[in-house]
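Residue numbers (my numbering), protein chains in the order written: chain D, 8 to 385; chain U, 11 to 292.
What the hints contain is simulated information worked out from the structure, not anything from laboratory work. Note that this is a predicted model, so its numbers are computed, not measured. For glycine and all other residues, C-beta sits at the position ideal for the given N, C-alpha and C. You may find that some hints are simply not true.
[To be verified] A partial selection of chain D residues facing chain U, derived with a Cβ cut-off under 7 Å: (1) ARG59; (2) GLY75; (3) ILE199; (4) GLY231; (5) ARG233.
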Amino acid sequence: MAKNKRKLLQGNGACVEGAIYAGLRFFAGYPITPSTEIAENSARFLPQVGGRFIQMEDELGSMAAIIGASVTGMKSMTATSGPGYSLMQENIGYAYMTEIPCVVVNVQRGGPSTGLPTKISQSDTMQARWGPHGDYNAIAVAPSTVADTFTETIRAFNLAERFRTPVTILLDEVIAHMRAIVPIPEEGEYEIINRVKPTKPPEEYIPYEITENYVSPMPGYGEGYRYHITGLTHNTYGFSTNEPEEIVVKLDKLKNKIDKFQDEIIKLRVDNMDDAEVAFVSYGSVSRAALQAVSLARSVGVKVGTIQLYTIWPFPYDKLKEICSRCKKVIVAELNMGQIIHEVRKALSADVEVLPLQRYDGEILTPTQLLEKLEEVL
Amino acid sequence: MATVVKQKSDVMLNYLRPKMKFPSVWCPGCGNGIVMGAFIRALDKLGYDRNNVAVISGIGCTSRMPAYMDFSSLHTTHGRALPYATGVKFARPDMKVAVITGDGDALAIGGNHFIHACRRNIDITAILINNYIYGMTGGQGSPTTPSGAFSTTTPYGNVEKHFDACNLAIGAGATFVGRATVYHYPQLEKMIIQAMEHKGFSLVEVVSNCHTYFGRLNRKGDASVMLKEFKENAVNITKAKTMTPEELENKYVIGTLYVNNDKTEFCDEYHKLMDIAQKRKK
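Starting from the given sequences, assemble the full structure and let the hints guide the process.
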């Protein structure tokens, strides 16, 4: 068996490597700190594999261009940060409504507004769920290491293709800019999912047909299926509608295709939870500090465990409740003024005390800070 | 005569979508129908494989057009048709891509995308139907509303200056720019053929009538009166070159205004770049 390739990569570079492994062939973007290296690496590496890179005039255009490319059947991605992510919301909403697969990387930075361009933050978790106006269901993933960024980017593409929806990768600035050795898998080592194409002939094709898993087969433009795509609420034929029954069918489709198949999306890393009385819930870079803190606390006999959320959305309410059923206290550690803690409170029963550990000064949460918090609550 | 009429309607029926609800959202007499007719006849004459044509639009009365026609159609967000089209064309350079847009869509909310699509000289044909007003939202002023003209947001007359879409496109780097009016529909049809066949970014501005809002608020009369006004005030580019700016005031300069076949096209250039990148990798 051939030894796997290894590469020294920056988090942003690992994202591009993972994306190309997953089949990325179209990137459109606009420079913004701290995500810019994703655009730069795409510009360099995509044409080498027959892919395409375009620097657009702004983030609105970037998001529009990747949707346009995906409509032709090409796997596409854009990357941005805080202010750019805000600008993309309009067309991300379009991708939710029209069910066009694509991947959006948001290397988070402090906000609101221009905020802290070079500093770490995890304050866009709610925007990843509720960014565009309207009702829809969202998928967002959060890597915690450079190697994770490679694999989670592959997972993001697979989810986008499987569920015909935009998928957000929430990356932390320190992961994006950290360099680490990343094992690069051989072709075929990781499963790559591609969107389902129609098997019916064009004259029988119904673009938004309600199928068993609510996901409709999607042909690329130019493949003989001439159909209509609109951001207006549409019927199964893809044409705009004001009929109450058709509106409900469409919106239920957007909800059900994700709600009913959450098990395929939710991914958690659970450590030392079997006998834990206290648990850390975290995601992204904070999960690294949590693992270290727990290892130190365990060495002096404290019954503490960690739960890392790789999937932020859909939120794993049921799984979290089950895993924390024996816990007395749960500490939610995050780099914001309290976002995911509200979801954890919703998930857990009233007799579990949910406590915040929040940092929003642009610095990372360290294992020491987590241990101090642990001491305080014990 | 009867057979000629029948043949013409057969062409139209062949390209209209059977499952789409008619009548259209457009007011009776709207210029959009004339443009759609010209577009369909042009595409029919060009004889492209219909599966290889994408028609893309933003938001507004005009932008509803792609839904009615049996091509691959993408009705996108307000002002963003051109970047969506850029994605489609760049991913599938073999496809023929047309954008149907209006004055508000292309020049206000989409103004930045418009100049950059021109600058890139990407092989997309933009058909900009200019009716000098926002129709779908009920008659508000647009970037082409003339100074002094009335709209629901310029109730005392427009104090702003207007864009000349064609000059803007030429200045920004488009390589085929022409203007027609909905009165001059045979010229429009020919111009769409030329624009679609042109390699690079092409703009066809179509002066059109929104008698419902622009016409009513500015006492320009009904659709037929507005069309007659286009006829009377249109000046061909050849003649316009001999006229003074004063003489050209309130005239519509029509015809092919600018063609440049020397400038390289974006997708072609990127293709060359891909070859270089792949050689360097080896």
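Hints, one by one, checked against the model:
The criterion of a C-beta within 7 Å of any C-beta in chain U is met by ARG59(D), whose closest approach is roughly 6 Å, and the hint holds. For the restraint placing GLY75(D) at the interface with chain U, the shortest Cβ-Cβ distance is roughly 2 Å, inside the 7 Å limit, so the hint holds. The beta carbon of ILE199(D) is not positioned within 7 Å of any beta carbon in chain U (closest approach about 19 Å), and the interface hint is therefore violated. About 5 Å separates the beta-carbon of GLY231(D) from the nearest beta-carbon of chain U, less than 7 Å, and the hint is met.
Here the hint on ARG233(D) is kept, as its CB sits about 5 Å from the closest CB of chain U, short of 7 Å.
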